[in-house]
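Protein chains: 2
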Amino acid sequence: MIDDKECTHVHASSGPNLDGIRSFIGYALRRAQLCVFDDLIQALEEVGLRPAYFSVLFVVSENPGLNQSEVSTALGIQRTNFVTMVDHLEAQGLIVRQPAKKDRRSHALHLTSKGTAVFNRARDIQSEHEMRLIEKLGPGGREQLLPLLWRIAED
Amino acid sequence: MIDDKECTHVHASSGPNLDGIRSFIGYALRRAQLCVFDDLIQALEEVGLRPAYFSVLFVVSENPGLNQSEVSTALGIQRTNFVTMVDHLEAQGLIVRQPAKKDRRSHALHLTSKGTAVFNRARDIQSEHEMRLIEKLGPGGREQLLPLLWRIAED
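Sequences listed follow chains U and E, in order. Position one of the first sequence corresponds to residue 2 (my numbering), numbered consecutively onward. Position one of the second sequence corresponds to residue 2 (my numbering), numbered consecutively onward.
Worth flagging that the hints you see were computed from the coordinates, not collected in a lab. From a predicted model like this one, the values you see are computed outputs, not experimental measurements. Note that beta-carbon positions come from the ideal geometry of N, C-alpha and C, so glycine has one too. Heads up, none of these hints are tricks.
Here are some of the chain E residues that sit facing chain U, going by a computed Cβ distance under 10 Å:
#1 32
#2 37
#3 38
#4 154
Heads up, simulated DMTMM-like pairs for lysine to aspartate or glutamate below, C-alpha to C-alpha not over 20 Å straight-line:
#5 137(U) / 125(U)
#6 137(E) / 144(U)
#7 137(U) / 155(E)
#8 103(U) / 63(U)
#9 115(E) / 88(E)
#10 137(U) / 39(U)
#11 115(E) / 91(E)
#12 115(U) / 91(U)
#13 137(E) / 125(E)
#14 137(U) / 144(E)
#15 137(E) / 155(U)
#16 102(U) / 71(U)
From just these sequences and the hints, can you work out the full model?
What follows is the structure, encoded as structure tokens:
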């Protein structure tokens with residue numbers, strides 16, 4: 002039998018040294034982002050939405066009538082990819098494109114009533130997900146984290 | 002002419018409302034992670050490495066002789082994807098697989114001399130990238146950010 006101390010020691014010395022890589026901001030960000038998305042992807046499966054689609058519905062819900070390019074710019078999604086996403090949401094009956102008031106050649110986005118219903122359920126799911134993260138971060142963690150992330154994300 | 006104040010007001014009221022989505026931890030994480038990776042991907046192009054490959058070389062360099070499954074577990078990369086990555090690094094002459102001492106059926110990973118040279122240059126590039134991020138975060142930012150990210154990334 003190996004006593005606890007030795008066992009711990011063996012374990013510690015034989016395990017890989019990851020101190021260096023874990024101190025890299027990009028690596029830590031990516032690992033955290035993957036964990037968060039794993040949780041959200043799984044939670045949103047109930048309503049058949051991927052996180053990026055949820056974010057589109059969210060922005061359209063908060064800003065009905067915004068045109069396609071305004072939404073894609075706001076979300077930082079490339080125009081071509083965004084058109085495909087809107088096609089998909091339209092085919093599912095969640096969103097409609099209407100001629101924009103200001104410029105009738107551009108497309109204003111609106112939720113349909115089905116879109117609103119799906120979004121409302123997704124919003125609750127996302128709130129529960131957010132609560133899990135807030136709990137993991139501990140008191141004041143979210144308030145510390147968000148401004149740091151936006152400092153990185155903004156030029 | 003519209004005076005400054007009105008112009009600002011028009012701009013503020015006509016721009017999309019993104020306060021809600023910007024307060025979501027997952028959304029902020031993803032936007033920050035994409036910015037960081039954009040910068041790192043571009044910087045590492047000089048040595049022909051993607052960030053994930055750099056992280057493999059980094060862990061192998063710090064832990065020569067570690068076996069494949071230990072490296073993939075450490076980095077949270079799925080086994081199948083990881084084997085493809087090691088194939089690629091081996092084909093480029095950066096890494097070699099050798100029979101592991103403990104278990105000769107498993108593969109221990111080592112950098113080749115070419116791998117060491119490429120990695121050393123990549124390490125400098127990554128350090129400069131890290132300095133840019135530290136500067137963006139401001140005094141004490143990195144020290145605040147890292148523990149919060151690992152709180153999320155670990156169970």
